[in-house]
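On the provided structure of chain A, position chain B as indicated by the hints.
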Amino acid sequence: MSQTFIEILRRALDEEMARDAAVHLLGEDVAVGGAFGVTHGLVQRYGAGRVRNTPISEAAITGIATGAALCGLRPVLEIMFIDFATLALDCLVNQAAKYRYMSGGQLAVPMVVRTQSGAAGGAAAQHSQSLEAWFAHIPGLIVVAPSAPNEAYGLLKSAIRLGDPVLFIEHKRLYAMKEVFEPPAELPPIGRARVARAGSDVTVIAYSAMVRSALDAAEELGRSGIEVEVLDLRSLVPLDMTAIGASVAKTHRVVIAHEAVRSGGFGAEIAARIGSALFDELDAPVTRVACPFAPIPFAPELEQALLPGARNIVHAVRTLCS
Amino acid sequence: MSGNNTPPEPGPPASGAVDWARMYGELWRIRLFEGHVQRLAAAGEVPGFPHLSTGQEAVAVGVCAHLTREDTLFTGHRGHGHTLAKGGDLRATFAEILGRESGLCRGRGGSMHLVDARNGMLGATGVVGGNLPLAAGAAWAAQVRRTTHISAAFFGDGATGAGVFHETLNLAALWRLPLLLVCENNGYAEFTSRAEHSNVAHVSAFAAPYQVSAATIDGNDLLAVHAAAGAAIARLRRGEGPYLLECMTYRMSGHYVGDAQQYRSKEELAAVREKCPIERLKRHLLASGMAAEDLDRIAEQARLEVQRAVDEARASPRPDPATVLECVYWSPELSSARARVS
Numbered sequence: 001m002s003q004t005f006i007e008i009l010r011r012a013l014d015e016e017m018a019r020d021a022a023v024h025l026l027g028e029d030v031a032v033g034g035a036f037g038v039t040h041g042l043v044q045r046y047g048a049g050r051v052r053n054t055p056i057s058e059a060a061i062t063g064i065a066t067g068a069a070l071c072g073l074r075p076v077l078e079i080m081f082i083d084f085a086t087l088a089l090d091c092l093v094n095q096a097a098k099y100r101y102m103s104g105g106q107l108a109v110p111m112v113v114r115t116q117s118g119a120a121g122g123a124a125a126q127h128s129q130s131l132e133a134w135f136a137h138i139p140g141l142i143v144v145a146p147s148a149p150n151e152a153y154g155l156l157k158s159a160i161r162l163g164d165p166v167l168f169i170e171h172k173r174l175y176a177m178k179e180v181f182e183p184p185a186e187l188p189p190i191g192r193a194r195v196a197r198a199g200s201d202v203t204v205i206a207y208s209a210m211v212r213s214a215l216d217a218a219e220e221l222g223r224s225g226i227e228v229e230v231l232d233l234r235s236l237v238p239l240d241m242t243a244i245g246a247s248v249a250k251t252h253r254v255v256i257a258h259e260a261v262r263s264g265g266f267g268a269e270i271a272a273r274i275g276s277a278l279f280d281e282l283d284a285p286v287t288r289v290a291c292p293f294a295p296i297p298f299a300p301e302l303e304q305a306l307l308p309g310a311r312n313i314v315h316a317v318r319t320l321c322s
Numbered sequence: 323m324s325g326n327n328t329p330p331e332p333g334p335p336a337s338g339a340v341d342w343a344r345m346y347g348e349l350w351r352i353r354l355f356e357g358h359v360q361r362l363a364a365a366g367e368v369p370g371f372p373h374l375s376t377g378q379e380a381v382a383v384g385v386c387a388h389l390t391r392e393d394t395l396f397t398g399h400r401g402h403g404h405t406l407a408k409g410g411d412l413r414a415t416f417a418e419i420l421g422r423e424s425g426l427c428r429g430r431g432g433s434m435h436l437v438d439a440r441n442g443m444l445g446a447t448g449v450v451g452g453n454l455p456l457a458a459g460a461a462w463a464a465q466v467r468r469t470t471h472i473s474a475a476f477f478g479d480g481a482t483g484a485g486v487f488h489e490t491l492n493l494a495a496l497w498r499l500p501l502l503l504v505c506e507n508n509g510y511a512e513f514t515s516r517a518e519h520s521n522v523a524h525v526s527a528f529a530a531p532y533q534v535s536a537a538t539i540d541g542n543d544l545l546a547v548h549a550a551a552g553a554a555i556a557r558l559r560r561g562e563g564p565y566l567l568e569c570m571t572y573r574m575s576g577h578y579v580g581d582a583q584q585y586r587s588k589e590e591l592a593a594v595r596e597k598c599p600i601e602r603l604k605r606h607l608l609a610s611g612m613a614a615e616d617l618d619r620i621a622e623q624a625r626l627e628v629q630r631a632v633d634e635a636r637a638s639p640r641p642d643p644a645t646v647l648e649c650v651y652w653s654p655e656l657s658s659a660r661a662r663v664s
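Chain order of the listed sequences is A and B.
Residues 1 to 322 in the numbering used here are what the first sequence spells out, letter by letter.
Residues 323 to 664 in the numbering used here are what the second sequence spells out, letter by letter.
This is chain A alone, in the form it adopts within the complex (with noise of 0.2 angstroms):
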């Protein structure tokens, strides 16, 4: 029986609160499932002690998970959009991502913010924002970006049990997706990007929702001729370059593609890289798919005028292999 991303993902908390002690979730509404029913009734299973509803105080409630993984406990908060993040850019930028290193190696900040990022449905330019570059760019901080069910499943128990703060992006065109429950034999280490389909003619890197419009890209230019192989990198902090380079010594061809926006997204820094370490390997200049320069409009018209998806990708694919 298939079940949804948001279904799969509570399994992983789930089990990983079943499983230790110090695991504590808490944030705006997690006590009656949050605002995507992801925590729901996790609060009847282990109680409002351990599955705490807090008020719409980002900065504090950033704080008091940091705070209270200082002193041993493995919080898990959740901010409802990441739009929200930019009320705790204080303690996540300043407090929880410097804290190993000021500290001399002292302390550690053992912290998941599961968050939700991307546009859909209309959400508008304050509930749709891809914000990842900006954590990515912070030191100290994992970020991570799953792309499926089962993958969100492998990923979030990992990044729990891991001893730095993570960034845990969930993208809601996602929360509906559904798969049969797969367990994975071991977890995912964090940082190891995964090759979601083979091929040898083009590299796709993609992180996210992208990759799901990555596959389908993949699927309409096989029907050409075309063998797109599509790296879903999973997380952007560790980038997994090993991976970057496997691929692109096979392709020679790369595009990449993700929903923020392409000035200064994570995409220029990845292309960056390709472009100084594996420059001899490319046939083509790396390309980039990604979102127009403006904020997300409301409108469903113009809203899907702007996001970037498959058809974006097959059309860049194409130039790049014409």
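If you're looking for bench data, these hints aren't it; they were derived computationally from the structure.
All C-beta atoms, glycine included, are put in the ideal place defined by N, C-alpha and C.
All the given hints hold, so there is nothing to weed out.
Some chain B residues well away from chain A (every beta-carbon gap over 10 angstroms; in silico):
| no. | residue |
| --- | --- |
| 1 | Gly-509 |
| 2 | Val-522 |
| 3 | Gln-533 |
| 4 | Gly-576 |
| 5 | Ser-587 |
| 6 | Arg-595 |
| 7 | Glu-601 |
| 8 | Glu-634 |
Label-pair distances were calculated between CB atoms; the ranges are:
| no. | chain 1 | residue 1 | chain 2 | residue 2 | range |
| --- | --- | --- | --- | --- | --- |
| 9 | B | Glu-367 | A | Gly-245 | 40 to 48 angstroms |
| 10 | A | Asn-53 | B | Ser-520 | 28 to 36 angstroms |
| 11 | A | Asn-53 | B | Thr-470 | 20 to 28 angstroms |
| 12 | A | Thr-4 | B | Arg-468 | 34 to 42 angstroms |
Examples of chain B residues toward chain A, derived with CB under 10 angstroms:
| no. | residue |
| --- | --- |
| 13 | Thr-394 |
| 14 | Ala-457 |
| 15 | Ala-464 |
| 16 | Leu-491 |
| 17 | Ala-494 |
Then chain B, alone, in the frame of chain A:
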């Protein structure tokens, strides 16, 4: 499992009998320690811009006298005194301020980011107000574990301008956290007086709407601080919820070393001696029968101790530049990935 923080080692319990002589020495240790910081900063030997707590020492000493090693403490940019009062080693603390490998944080943190985890001093932050929710989180962890440990946050009156102060107060009250909020109201938020920052003259006034207990006391009177903090901390240990202790004090030094202080009049600065918490405790101890020679001996002992620590810290090795990338991430499994990250 990686990344578990080691809890502080159990220390001796806070003593029953009040040892004023010890605290008199502690005041002097902080005062003289910061005198060396000021001198060496002016001479260019201290990197950055240290902030001194000269004149505010009674708050640190009076509150920390009631804290055990398992109680946690979080402070801000003016935190040398809190670190020492919580048990921080003079030499390692000074070495950190000098940026040395033997410093508390191996020279990675410096004056504004002292951490002494072994003594429950879990951090200082250079961002005003940023330490408050961290302290609440430590208090939450203590509550979850059903201990009687408490968490204390030191901050200045300037921090009440930050939204996170109010968020933390609300949450701490709602969750009945064992959190002691110690406001050192020194009359200045950086270079501007309290009156120009807020219509609310007393920080303790913010407590009532959140149903938090609070008091405003004379923070330059060690006896008053000791008594009020003792009562507040006893309540916290009984699980009666957070407490906001506003200590009226006076920053005898500038905002940072090098501050020309043109915003204060000569008359105001001339009256500083009257406010000095060390002078005040000395007068009290003399009046209650302690011999002047004994007090002088305590001060001299503190001077020697501090001088020795400073000398040792100055002679200690500087960090090896080859270690600059250490400690960015905890997880050993990321150590190879980290190389790829950078």
